[in-house]
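Number of protein chains: 2
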Amino acid sequence: MNQAVLADEVLRKLRFVLSHTSHPGNIGSAARAIRTMGLRRLSLVSPEQFPHIDAHVLAAGADDVLEAAICTNDLPEAIADCSLVIGATARLRGVALEEWSPRVAAARALDAITAGCEVAFVFGNERSGLSNDEIKLCHAAVHIPSDPSYSSLNLSQAVQVIAYEMRMAVLSDAPARPSNRDIPASSVELEGFFEHLASTLRDIDFHKGRSERTIMQRLRRLFLRASLDQRELRVLRGILADAQRMARLARGD
Amino acid sequence: MNQAVLADEVLRKLRFVLSHTSHPGNIGSAARAIRTMGLRRLSLVSPEQFPHIDAHVLAAGADDVLEAAICTNDLPEAIADCSLVIGATARLRGVALEEWSPRVAAARALDAITAGCEVAFVFGNERSGLSNDEIKLCHAAVHIPSDPSYSSLNLSQAVQVIAYEMRMAVLSDAPARPSNRDIPASSVELEGFFEHLASTLRDIDFHKGRSERTIMQRLRRLFLRASLDQRELRVLRGILADAQRMARLARGD
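The listed protein sequences derive, respectively, from chains A and E.
Numbering-wise (our numbering), the first sequence opens with residue 2 and increments by one.
Numbering-wise (our numbering), the second sequence opens with residue 2 and increments by one.
Just so you know, not all the hints are guaranteed correct.
The calculated SDA-like cross-link candidates involving lysine to any residue, where the alpha carbons are at most 20 Å apart (straight line), are [said to hold, decoys possible]:
no.: 1; chain 1: A; residue 1: K209; chain 2: E; residue 2: R238
no.: 2; chain 1: E; residue 1: K209; chain 2: A; residue 2: G62
no.: 3; chain 1: E; residue 1: K209; chain 2: A; residue 2: Q245
no.: 4; chain 1: A; residue 1: K209; chain 2: E; residue 2: L250
no.: 5; chain 1: A; residue 1: K209; chain 2: E; residue 2: L237
no.: 6; chain 1: A; residue 1: K137; chain 2: A; residue 2: V189
no.: 7; chain 1: A; residue 1: K137; chain 2: A; residue 2: K209
no.: 8; chain 1: A; residue 1: K137; chain 2: A; residue 2: S84
no.: 9; chain 1: E; residue 1: K209; chain 2: A; residue 2: G239
no.: 10; chain 1: A; residue 1: K209; chain 2: E; residue 2: R246
no.: 11; chain 1: A; residue 1: K209; chain 2: E; residue 2: N126
no.: 12; chain 1: E; residue 1: K137; chain 2: E; residue 2: Q245
no.: 13; chain 1: E; residue 1: K137; chain 2: E; residue 2: P149
no.: 14; chain 1: A; residue 1: K209; chain 2: E; residue 2: R249
no.: 15; chain 1: E; residue 1: K209; chain 2: A; residue 2: K209
Rough simulated footprint, nothing fancy, chain A against chain E, three-plus residues with beta-carbon under 8 Å [unchecked claim]:
no.: 16; region: 33–46
no.: 17; region: 67–75
no.: 18; region: 110–120
no.: 19; region: 220–227
These aren't lab readings, by the way, just hints derived from the structure by calculation.
The beta carbon of each residue, even a glycine, is placed where N, CA and C say it ideally should be.
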């Protein structure tokens with residue numbers, strides 16, 4: 002599937018469900034987070050206050066997401082047509098669900114979407130998380146691997162991490178971004194450069210009796226590590242040529 | 002390296018630098034974001050208001066991060082001892098830096114840290130991002146692959162994504178590569194080398210009327226990609242010194 006089609010499928014079939022959210026500002030921040038990652042669908046289960054000005058302020062321009070948000074009274078209604086429901090949990094509390102990292106969850110969600118499924122990520126109340134009844138409706142859990150000594154992710158930050166992994170999953174199907182780099186230098190071109198470098202070092206009297214071999218090994222390692230492209234090689238050889246020209250002039254050739 | 006040791010190394014050697022932050026609340030949210038991912042070190046370059054009650058409210062318990070935060074007047078001071086400085090950018094504005102995804106940036110940062118380097122992720126002002134002068138001090142850029150039609154990540158959400166990728170990189174527990182490399186060159190040492198390189202190119206009359214700026218950008222990019230160590234830097238500077246000596250002799254000085 003090409004990347005644009007895939008992104009469009011994810012856009013249409015993936016929803017973020019925020020259940021019993023206390024602070025409308027968090028709904029706005031979550032809208033912003035999913036919108037930055039190219040997503041749109043938000044469902045709100047019994048939000049304490051919504052619509053609310055704080056949601057719009059924190060959405061920071063992602064008002065289209067808020068305006069299209071679907072409100073429901075309970076979670077079953079919000080996920081009725083979903084084939085894969087993934088609940089965000091701080092840790093599992095005696096419920097036998099598979100627990101996935103955000104990366105694995107995004108991959109599974111993408112698999113389900115490309116198979117034609119509707120998919121939901123579900124986030125509970127800011128303080129108490131998903132209730133046990135809500136967790137029972139989930140097909141799997143996603144756990145952000147936070148520091149056990151301080152695992153207090155803000156709701157919108159958790160949404161951001163999941164939305165980011167969804168976007169990375171979509172983009173990983175993509176061909177590599179064209180870079181600004183030229184064609185890589187070939188082995189023959191590199192060896193030509195190293196010979197030119199070696200002769201330049203002799204011309205400018207760099208060694209002064211020290212071992213040429215050790216220095217050249219070190220410089221080879223350095224330049225090979227940089228994976229030179231052809232344009233860079235031309236620049237470097239131009240520098241060497243000018244240094245040699247100066248050495249010739251110095252010798253009075 | 003085992004995972005606990007690796008996590009500890011990252012904790013000690015990785016800093017998040019927030020430059021010219023306008024809203025103290027964002028500093029608090031960023032502190033919370035890095036703390037959830039097991040990180041602690043925060044540097045603040047000329048924050049508009051700090052300390053501030055909003056920072057503590059939004060840190061939501063991550064006050065230890067705020068209290069240990071280091072304030073500096075400018076970016077060079079904040080990153081002076083860093084060998085790898087990665088700037089968060091919305092997109093590159095004509096500056097020849099390598100651009101990494103958060104995942105690649107985290108992998109490179111972890112490589113550098115296991116090699117003994119100090120590493121910084123740098124985030125600019127909420128509205129204007131990093132200035133061109135600040136970007137020039139970065140060795141690479143990290144770009145969160147947001148939706149081009151709405152790429153407005155909140156500062157703390159951007160910090161959250163990068164911190165999350167660092168934690169994922171640590172948890173994926175790549176065995177460290179042994180190397181026989183010397184201590185990594187620091188930011189100050191690298192800038193000293195680039196100045197020396199620029200003056201040498203002028204001395205040997207390399208430019209011949211062409212743009213010095215383009216060539217220096219290309220060479221910066223090449224040498225930054227190679228992650229020079231101190232011994233390599235000494236060899237390169239020795240070569241430059243000899244080329245300059247030849248140029249002086251050629252001029253008859």
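Okay, the hints, checked on the actual structure:
no., hint, result
1, A/K209 x E/R238, "holds (15 Å)"
2, E/K209 x A/G62, "violated (50 Å)"
3, E/K209 x A/Q245, "holds (16 Å)"
4, A/K209 x E/L250, "holds (17 Å)"
5, A/K209 x E/L237, "holds (15 Å)"
6, A/K137 x A/V189, "violated (63 Å)"
7, A/K137 x A/K209, "violated (77 Å)"
8, A/K137 x A/S84, "holds (14 Å)"
9, E/K209 x A/G239, "holds (11 Å)"
10, A/K209 x E/R246, "holds (14 Å)"
11, A/K209 x E/N126, "violated (51 Å)"
12, E/K137 x E/Q245, "violated (26 Å)"
13, E/K137 x E/P149, "violated (24 Å)"
14, A/K209 x E/R249, "holds (18 Å)"
15, E/K209 x A/K209, "violated (30 Å)"
16, 33–46, "holds (count 6)"
17, 67–75, "violated (count 0)"
18, 110–120, "violated (count 0)"
19, 220–227, "holds (count 5)"
Violation of the numbered hints given earlier is confined to hints 2, 6, 7, 11, 12, 13, 15, 17 and 18; the remaining hints are satisfied by the structure.
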